[in-house]
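Asker: Here the protein sequences come in this chain order: D and C.
Per numbering that gives the first Met the number 0, the very first residue in the first sequence carries number 0; after that it's consecutive.
Per numbering that gives the first Met the number 0, the very first residue in the second sequence carries number 0; after that it's consecutive.
I should point out that these hints are in silico values taken from the structure, not numbers from a laboratory.
Hints are not guaranteed to be accurate.
Claimed, not checked - In silico EDC-like cross-links for lysine to aspartate or glutamate, where the CA-CA straight-line distance does not exceed 20 angstroms:
#1 Lys137(C) x Glu25(D)
#2 Lys53(D) x Glu310(C)
#3 Lys53(D) x Asp434(C)
#4 Lys53(D) x Glu436(C)
#5 Lys53(D) x Glu79(D)
Claimed, not checked - What follows is a set of in silico ranges between Cβ atoms, one per label pair, in the way DEER data are often shown:
#6 Asp74(D) x Asp434(C): 13 to 23 angstroms
#7 Gly22(D) x Thr1(C): 20 to 30 angstroms
#8 Ile102(D) x Leu375(C): 49 to 59 angstroms
#9 Gly22(D) x Ile299(C): 28 to 38 angstroms
#10 Lys267(C) x Leu38(D): 57 to 67 angstroms
Beta carbons are placed, not taken as given, at the ideal position from N, Cα and C, and that holds for glycine.
Residues per chain, in single letters:
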Amino acid sequence: MVALWAMYLNIPDKPLFDEMEGGIIEQYQQCLLPLRVFLPTMGIVGYASDVTGKNRKALFFQLAQYILAPVIIEDSTDYEVLIGNFTQQSSLEEFCRLHNVEITHTFPNGIYLMRNLR
Amino acid sequence: MTILYIFVSLTFSWIIGYQLISSLLGSTCLGTRMIRCAMAMGNGLAVTSIFLFIWLLASHGNPTFYPLAETIFAVVLLGIIIFKNRQNLKQSSNTETPDLPLQEEPIVRRKITRVFWAIFVMATTSITLLSFSIPHGKWDAWAIWNLRARFIYRAGTNWTTAFSERISFSHTDYPLLLPLSVVKGWLYAGFETLASPMMIGIVFSVAILLLLFGSVMTMRSSLAAIFAATTLISTPFFLEASASQYADIPLSFFFLASLIMTSLYSRKQKPGLLTLAGLNAGFSAWTKNEGLLFSAAITIFVIIMIVRRREKQPPVKTLANYIAGLVLALLPVICFKLLLAPANDLVREFSSSYLNPLLVLDRYKIIASYMFAVALSFGNWGSVFLGAFNPLAIMTAYALQVGIQFRPYENWLVPGVILVMLGGYFFAYLNSPHDLEWHLSTSCNRLFLQLWPAIIFAFFMLTAENNDRVSTQNERM
């Protein structure tokens, strides 16, 4: 009876594929997948983001790596090609100005492909 | 259709595993059909992941023909199994006599087994439904295991980039059983599908359930076995972790399998059992780094057991069976660590730190109190009626009812290994270069989960055998 009750409580009451983590991954995957066409098949690209919060920042960075593997993504602006994840237009503009970076492609949900001009 | 490809991939693993188990156990009732089937599943996946690892090393990352090669191998093995079974049927003298006489009358056993199968189906359904709600698995699953699988599958000849230090957040030094098993499913399907990691998570969890029930039924009674099985599946965190695609579930399978084989050996001295114990200890190291600690711990206890038993043959000869299995399974781990894996983050950062954390007494207190609290709550039992269904109370009541009886070897070996493991985890936290509270809060419950099936097994092995039988008879009345 205990086992049955525990199992009953564990059956999700939300629709399938709608759980928080799975939902974010699917959503983010749809945003990042178009980027693959413009990225090299192998190698390293940089990453920049204005997402705040240690866990949230790590989540989006690691998700980008998960979706775009086998390209290695490094949280650095030292590379020629950069992936940007910006929630605020103002912080994007400031970043581009500070790091001498130009936007080459814009994707939905604040995803950008950028080129380092330095 | 996708699920069919994954099913075929898993079936071939199972056939290979079944042949391995059968060849080591021979025709003995020690491994009942339930134990054999469960062992075959876990061991088969471990063996085929090692095959794929060797294939990738030899072919410089080109796995195109791997599914074909494995299919031929599995079909040949299946032919051998069918041929042997037919031969056995022809030989009337080949009637198997149980090495361990089962205690109850078959009718009671049959009834309890039926209840178990009903619970088994419901547990599988529950885990499957949960898996659908987190198809990529939880954070660690996609950021470590599934990410590694994607690197290996997508990078082709550059598959070793999966172990680049630049993606150190993904713990690139972790062994490859899980990622390669996922990749194997994708190779059979011909494309990446979430069904592969989901199915592997489900299969390992149900294999643990089968193994636990089968072993306690073989060594104690069917009543104790149904208590053990329900204790496990009444653990919400076990169900959740099974669907989360964490490596802790496969790891707990190999811990349990190795301990069961050792316990069976203490009852019936069959060399194949020791080889299987060694193999499964090695496979645990091929699953996760904690497996290395387990391999060391169980090896020490097996040596003590063999030396103390004073068998007819020299201890070294008996130990050779265990070592053979262990070394065979550890070879790919050694190969991986030497050739591909970067240094472990705990080891690397600890060696570069200048303050010895062993000397900070506060850390001992924090870790001990945290581990004690987690020991009573890691199963998330609190989520069900404020913890009213915590199985610790049920287990204690059962033990008081049937009594506790210590037996040589099997009752000190399994708890001994578990205690050493806990001590090892304590030491690892003590040396942790990370923020201690963060490290404890993100991993401690999973460390307990790794040991949970083994703890349940150890607990029911402590219960008295005779009283157990009586309680079963009372149940019938």
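Asker: Is Lys53(D) close enough to Glu436(C), meaning Cα to Cα at most 20 angstroms?
Answerer: 15 angstroms, holds
Asker: Holds or violated: Lys53(D) and Glu79(D), Cα atoms, limit 20 angstroms.
Answerer: 26 angstroms, violated
Asker: Quick one: are Lys267(C) and Leu38(D) within 57 to 67 angstroms, going by C-beta?
Answerer: Cβ of Lys267(C) to Cβ of Leu38(D): about 59 angstroms, so the range 57 to 67 angstroms holds.
Asker: Do the alpha carbons of Lys137(C) and Glu25(D) lie within 20 angstroms of each other, as the hint requires?
Answerer: 13 angstroms, holds
Asker: With 13 to 23 angstroms as the target window, see if Asp74(D) and Asp434(C) comply at their CB atoms.
Answerer: Given about 19 angstroms between the Cβ atoms, the range holds.
Asker: With respect to the beta-carbon atoms only, verify the hint that Ile102(D) and Leu375(C) lie 49 to 59 angstroms apart.
Answerer: 54 angstroms Cβ-Cβ, so the 49 to 59 angstroms window holds.
Asker: For the pair we were handed, Lys53(D) and Glu310(C), check the Cα-Cα distance against 20 angstroms.
Answerer: 59 angstroms, violated
Asker: Given the range 28 to 38 angstroms, decide if the beta-carbon distance of Gly22(D) to Ile299(C) lies inside it.
Answerer: 47 angstroms, violated
Asker: Assess, step by step, whether the Cα of Lys53(D) is no farther than 20 angstroms from the Cα of Asp434(C), and give holds or violated.
Answerer: Cα-Cα ~14 angstroms, so holds.
Asker: Given a hinted range of 20 to 30 angstroms, is it respected by the beta-carbon distance of Gly22(D) and Thr1(C)?
Answerer: 21 angstroms, holds
When each numbered hint is compared with the structure, violations occur for hints 2, 5 and 9.
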